[in-house]
Amino acid sequence: MSKAFATGSATSIWYERGRGIMSNIDWTKLITKEMKEAVIAARMLADATSALNSKNGAAASQIARIQDRIETLGYGIEAGEATEQEEAEAAALAPVLKAWKAYKYALGKVTAQPTWHQAPVWPVAPAIPEIAAAPMLLEEPLA
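In this text, residue positions in the sequence shown follow this note's numbering: the first is 1309, and each later residue adds one.
Because the hints were derived from the structure by calculation, they are not lab data.
Check before you lean on any hint, since a few could be wrong.
Here are the simulated DMTMM-like cross-link-like pairs (lysine to aspartate or glutamate), alpha carbons at most 20 Å apart as the crow flies [stated by the list, open to error]:
(1) Lys1417 / Asp1355
(2) Lys1412 / Glu1386
(3) Lys1409 / Glu1392
(4) Lys1406 / Glu1438
(5) Lys1412 / Glu1394
(6) Lys1406 / Glu1389
(7) Lys1409 / Glu1389
(8) Lys1412 / Asp1355
(9) Lys1406 / Glu1395
(10) Lys1406 / Asp1376
(11) Lys1406 / Glu1379
(12) Lys1409 / Asp1376
(13) Lys1363 / Glu1438
(14) Lys1344 / Asp1334
(15) Lys1409 / Glu1379
Hey, can you work out the whole structure from these sequences and the hints?
This is how it looks when you write it as structure tokens:
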């Protein structure tokens, strides 16, 4: 049995009667094209899931914020103490709240898209309403 030793750039190869046997390759470290594609797909899924979680969190925060303001204004309206401006603010916030709820619902449907983690089509977020804090709380420290 004749053996010849050949050296390549970084790999030693033993040739035995036309059969190449690689002596210093660790085949457990082999990374196939399929493995690379799986890693890329997993990364894309993780990125899309992270973006979805972020958008859902922001939407939930806005919904809670708007609901709280409407509820607070509602207390004044029910007590008969709200000003016309506060009543108008509550009325103006109602459609904004509805828009944020519709947005949150649309976010829940993103994962049903056929290309959701490769190229998700995100719904457009509504405008963030400006909700002013009670001016008297800003001027006087809490006791």
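For each hint, the structure was consulted:
With a CA separation close to 17 Å, the supplied pair Lys1417 and Asp1355 stays within the 20 Å bound. In summary, the hint linking Lys1412 to Glu1386 is not supported, as the alpha carbons are separated by about 29 Å, beyond the 20 Å threshold. Distance check on the hinted pair: Lys1409 and Glu1392 sit about 26 Å apart at the alpha-carbon level, beyond 20 Å; violated. Proximity of Lys1406 to Glu1438 is assessed by CA-CA distance (about 16 Å); at most 20 Å being required, the pair is judged to hold.
Restraint check for Lys1412 and Glu1394: the C-alpha separation of about 26 Å exceeds 20 Å, so the hint is violated. This hinted pair does not check out: Lys1406 and Glu1389 have alpha carbons roughly 26 Å apart, beyond 20 Å. For the hint linking Lys1409 to Glu1389, the alpha-carbon distance of about 29 Å lies beyond 20 Å, and the restraint is violated. Distance restraint check for Lys1412 and Asp1355: the Cα-Cα separation of roughly 19 Å lies within the 20 Å cut-off, and the hinted pair is therefore satisfied.
Between Lys1406 and Glu1395, the direct Cα distance comes to roughly 17 Å. Compliance with the 20 Å bound is thereby established for this hinted pair. Distance hint between Lys1406 and Asp1376 is fulfilled; the C-alpha atoms sit about 14 Å from each other, no more than 20 Å. About 14 Å separates the Cα atoms of Lys1406 and Glu1379, which keeps this hinted pair within 20 Å; it holds. Restraint check: the Cα-Cα separation between Lys1409 and Asp1376 comes to about 14 Å, which is no more than 20 Å; the hinted pair holds.
Our distance criterion of 20 Å between C-alpha atoms is met by Lys1363 and Glu1438, whose separation comes to about 19 Å. Pair hint Lys1344 plus Asp1334 holds up; C-alpha atoms about 18 Å apart against a cutoff of 20 Å. A hinted pair counts as satisfied when its Cα atoms are at most 20 Å apart, and Lys1409 with Glu1379 qualifies at roughly 16 Å.
Going down the numbered hints, you'll see the structure goes against 2, 3, 5, 6 and 7, while the others check out.
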